[in-house]
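Enquirer: Here is how the chains run, residue by residue.
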Amino acid sequence: MAQTTHPPGTGGHAASGGEGGSRRDFLYLATGAVGVVGAASAAWPFIDSLNPAADTLALASIDVDLAPVAVGQAITVTWRGKPVFVRHRTAEEIESAKTVNLGDLRDPVADDARVKKPEWLIVIGICTHLGCVPLGQKVTDPRGDYGGWFCPCHGSHYDTAGRIRKGPAPANLVLPTYAFTGDAKIRLG
Amino acid sequence: MAQVQATKFKNPVVNWIDSRLPIFTMLDHEYNHYPMPRNVNYLWAFGAIAGIMLVIMIATGLFLAMQYSSHTSLAFDSVERIMRDVNYGWLIRYVHANGASMFFIAVYIHMFRGLYYGSYKAPREILWILGVLIFLVMMGTAFMGYVLPWGQMSFWGATVITNLFSAFPIVGDPIVTLLWGGFSVDNPTLNRFFALHFLLPFVLLGLVILHTAALHVCGSNNPLGIDPKGPQDTVPFNPYVTVKDGFAVVIFMIIFAVFVFFMPNYMGHPDNYIPANPLVTPAHIVPEWYFLPFYAMLRAIPDKLGGVLAMFGSIALLFFLPWLDRSKVRSCKFRPVYRQFFWILAIDALILGYAGSQPAEGSWLIIARIGTFYYFFHFLVLLPVLGKLERPRPLPNSISESVLKGGGAIAAGAHAKPMEKA
Numbered sequence: 000m001a002q003t004t005h006p007p008g009t010g011g012h013a014a015s016g017g018e019g020g021s022r023r024d025f026l027y028l029a030t031g032a033v034g035v036v037g038a039a040s041a042a043w044p045f046i047d048s049l050n051p052a053a054d055t056l057a058l059a060s061i062d063v064d065l066a067p068v069a070v071g072q073a074i075t076v077t078w079r080g081k082p083v084f085v086r087h088r089t090a091e092e093i094e095s096a097k098t099v100n101l102g103d104l105r106d107p108v109a110d111d112a113r114v115k116k117p118e119w120l121i122v123i124g125i126c127t128h129l130g131c132v133p134l135g136q137k138v139t140d141p142r143g144d145y146g147g148w149f150c151p152c153h154g155s156h157y158d159t160a161g162r163i164r165k166g167p168a169p170a171n172l173v174l175p176t177y178a179f180t181g182d183a184k185i186r187l188g
Numbered sequence: 000m001a002q003v004q005a006t007k008f009k010n011p012v013v014n015w016i017d018s019r020l021p022i023f024t025m026l027d028h029e030y031n032h033y034p035m036p037r038n039v040n041y042l043w044a045f046g047a048i049a050g051i052m053l054v055i056m057i058a059t060g061l062f063l064a065m066q067y068s069s070h071t072s073l074a075f076d077s078v079e080r081i082m083r084d085v086n087y088g089w090l091i092r093y094v095h096a097n098g099a100s101m102f103f104i105a106v107y108i109h110m111f112r113g114l115y116y117g118s119y120k121a122p123r124e125i126l127w128i129l130g131v132l133i134f135l136v137m138m139g140t141a142f143m144g145y146v147l148p149w150g151q152m153s154f155w156g157a158t159v160i161t162n163l164f165s166a167f168p169i170v171g172d173p174i175v176t177l178l179w180g181g182f183s184v185d186n187p188t189l190n191r192f193f194a195l196h197f198l199l200p201f202v203l204l205g206l207v208i209l210h211t212a213a214l215h216v217c218g219s220n221n222p223l224g225i226d227p228k229g230p231q232d233t234v235p236f237n238p239y240v241t242v243k244d245g246f247a248v249v250i251f252m253i254i255f256a257v258f259v260f261f262m263p264n265y266m267g268h269p270d271n272y273i274p275a276n277p278l279v280t281p282a283h284i285v286p287e288w289y290f291l292p293f294y295a296m297l298r299a300i301p302d303k304l305g306g307v308l309a310m311f312g313s314i315a316l317l318f319f320l321p322w323l324d325r326s327k328v329r330s331c332k333f334r335p336v337y338r339q340f341f342w343i344l345a346i347d348a349l350i351l352g353y354a355g356s357q358p359a360e361g362s363w364l365i366i367a368r369i370g371t372f373y374y375f376f377h378f379l380v381l382l383p384v385l386g387k388l389e390r391p392r393p394l395p396n397s398i399s400e401s402v403l404k405g406g407g408a409i410a411a412g413a414h415a416k417p418m419e420k421a
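Same order as they appear, the protein sequences are chains A and B.
Counted the way numbering that gives the first Met the number 0 counts, the first sequence spans residues 0 to 188.
Counted the way numbering that gives the first Met the number 0 counts, the second sequence spans residues 0 to 421.
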């Protein structure tokens, strides 16, 4: 590129000489670079318009009142178009979740790390295998071999902390972002 | 194009494809070596500009369609959602809305260029007719697009324009009912307009390809209106015309950007930000500016059917233009009398446009009537008669002789080589 700084009089000479780039090469590259930046900036508004819009994002956090959920019951709420499982765990369920040997787990996480208050387990109700909604929210549902959830699509079993125990799913049920805003009130998102 | 000599390329992959499907030879022939008259001016860039506007309209329209709902209860709100909530939705919609106007500006300049330099005359009659067809399809597409936001002007524009067909005796009312899919402009109308508004741009694209193919058979006209006589009269399309067109496109885009970013609603109408109300007609309905001259003709004729016929006739006339103009001389440069009338026609079109934007009463109505009369007088009387009476100035022997004042070398360029005559 050294030739590009030559005064105009030597431009033709540089173009015919084979060493390095000529003034013309530099102009091609510079024009091309500006063109690429321009095309990318023109393309970005189109691509970004496909991302979630402001009104979609505005619906992205919701408040849930947990007071009516009795011990042993579970509710499903919709958050960002996905089901969120909220289970009011019984003492035995908490106990069985805590006493598991972490070495036996496929995706080892302690129960404390999956809940903010031991009696409330809050997970996204989507099987980490291929996205089905596992059964187990109703008392009459099959809950699998570990008393948590059972995915009917390909037979994954989750325990009472929503951890994968058996079946094809690779990971535990995902935890949503949430915070307790009161004793029995949470805000998702 | 079948008899074109296959081009040899350096890249073996390109050669392999080209010997099986000669797209590279075609592109090389039509957009690289393609001989352009060396004297074309910037008015010849508006074809390329119009083509780019079509691409911009299809691209922005595709992304708008992904966010739009074509139901009467959702349409207006979905457009407002695009404006307020969708990321860059305001930009895409303003580019699309102002792009329609810029597309018409480019096409109108392109058409008046053709009128001034006689680009419709033999052997370019089919080229011109395809152009008029493109204009018609564009008008239909633009009209249906304007209905989609479902504002007051959308609704009442749709009502007025579809009611035009009721002017025809006997078949009129059934046609209008068929267009509406009901007994007024309503949800079925909106739905089918959306479907057609999505389809017609691709019909336009097909017509543009035919228009370009027809152009490349006989080559571009030029300001002198005489045929190139050999390579000394032409330059290769690339780089000479690509660079010139490219520069014109950049200037045009800057003006486009000024509208989009600083005055996006200048060419629109505020009433279209009021949701459609089938029970209240706005006090003063006007179409978009590009329809105003035709709207003026519609209202100028005191008879309903007559007005509709005048409006459609004003465009239908253009199909016959190559045979209405009897003069063999193409360019206005050598037609001293016609040139004056050309400018009167251009001013007439502007006056008609302004009259179309004013309430149809008092002096504007009279002006619109005079303007309408002159429009038809120009095409039906002046053009055939002038061809016989006018004495054109002598044509130059060749483009190069006229432009370079006495011959000139064949244009040197990266691709300079002897070229076949256009």
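It is worth saying that the hints were derived from the structure and are not from the lab.
For every residue, glycine included, the Cβ atom is placed at its ideal position computed from N, Cα and C.
Incorrect hints may have been included.
[What the hints assert, rightly or not] Which chain B residues face chain A? A few, computed with CB under 10 Å, are given here:
{"#": "1", "residue": "L61"}
{"#": "2", "residue": "L63"}
{"#": "3", "residue": "R83"}
Enquirer: Compare the structure with each hint and give your call.
Expert: Results for each hint:
no.	hint	result
1	L61	9 Å, holds
2	L63	9 Å, holds
3	R83	7 Å, holds
Taken one by one, the earlier hints all hold for this structure without exception.
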